[in-house]
Amino acid sequence: MKKVLIASLLLAPSISAYATEAPITGNVQTRCLITTDTNGVYGNPLPSKLSTLAADGGVVPVVRYDVTLADAYLAKVTTPTAFTSNPTLVDSVTWTGSTTVTNTTDVGMAGYEAAKVTYGSTTQYDLTVAGSTWFSSESTAVYGGTKSFPGGSYTAIILAECIAK
Amino acid sequence: MRALLLLALLPFCNAVAHEMTPTYPTFSDSFMAGISVTTLNIFNKRMDVSYYEIGVFDKEWVPIPFVSQYTVIPMAYLDTVSFDVYVSNLSLGSVEYICSVSQMQAGTTVSSKICSRVK
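As you go down the protein sequences, you meet chains A and B in turn. Sequence positions in the first sequence follow the working numbering and run 970 to 1134. Sequence positions in the second sequence follow the working numbering and run 174 to 292.
Think of the hints as simulated: they come from the structure by calculation, not from any bench. Computed from a predicted structure; not experimentally measured. Hints may be right or wrong, so weigh each one.
[As the list claims (entries may be wrong)] Restricting the straight-line Cα-Cα distance to at most 30 Å, the calculated cross-link-like pairs of lysine-lysine (DSS-like) are:
| hint | chain 1 | residue 1 | chain 2 | residue 2 |
| --- | --- | --- | --- | --- |
| 1 | B | Lys292 | A | Lys1018 |
| 2 | A | Lys1116 | B | Lys218 |
| 3 | B | Lys292 | B | Lys232 |
| 4 | A | Lys1116 | A | Lys1134 |
| 5 | A | Lys1085 | A | Lys1018 |
| 6 | B | Lys232 | A | Lys1116 |
| 7 | B | Lys232 | A | Lys1045 |
| 8 | A | Lys1134 | A | Lys1018 |
| 9 | B | Lys292 | B | Lys218 |
| 10 | B | Lys232 | A | Lys1018 |
| 11 | A | Lys1018 | B | Lys218 |
| 12 | A | Lys1045 | A | Lys1134 |
| 13 | A | Lys1085 | A | Lys1116 |
| 14 | A | Lys1085 | A | Lys1134 |
| 15 | B | Lys232 | A | Lys1134 |
| 16 | A | Lys1134 | B | Lys292 |
| 17 | B | Lys292 | A | Lys1116 |
| 18 | B | Lys232 | B | Lys218 |
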């Protein structure tokens, strides 16, 4: 009996070693992720007009921002004010654009649209809640009043910025 | 004619993303006297982007001289690149933002820019 007890005591430390916990650790960094959710397409409802509106045959581009820390970033979305590639144009192009919040993952983001600040072609949002926000940007280009856009390929750029506060 | 003018602002493709960490980098002494260094990471999930340009700015968005392995970083799709930014201690107090901007290529029509802030 004594031998069994002694043997048990000797084995005890090795048994407890098998029971040691193996922790799993992880770290979520503060970050901002900019994702092109939907690519835009210009429709051509009039010879002199290019527009991303669905009513004009276009597709509105959507950019998603994911932030993992509340109140750490500003989102700025700038609609185009020029083509980056286009056929030769002999007259001026008038640009209009706007950006709106179209989807969110948190009810706390409901106030984003009312609190947005717009200057020039840029719309700025204060990302005060962690989560994902979808921004849709409409863009319209009108050529020389009523002139027809020359045939060819047109490209314009949307700038999506995420600036740490 | 109209069909010719029905043009893409952006080509259709899957969701693509750009990420830079940390949000609030901190500088420390480098191996050279008078020069401080910080390390950042960029994750490229944009199939349409192969290069990101780095910039260092003050609070008024005036560029500040810096040194890094690359000013324009070549990145493959789904690559994560870690890079060091070296700044002279003389201008360290002015550093406010470190930014990465996607470089446009043919067919790319959304430019993404992420800025970390040095507090």
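Indices of hints not satisfied (ascending): 1, 2, 4, 6, 8, 10, 11, 13, 17
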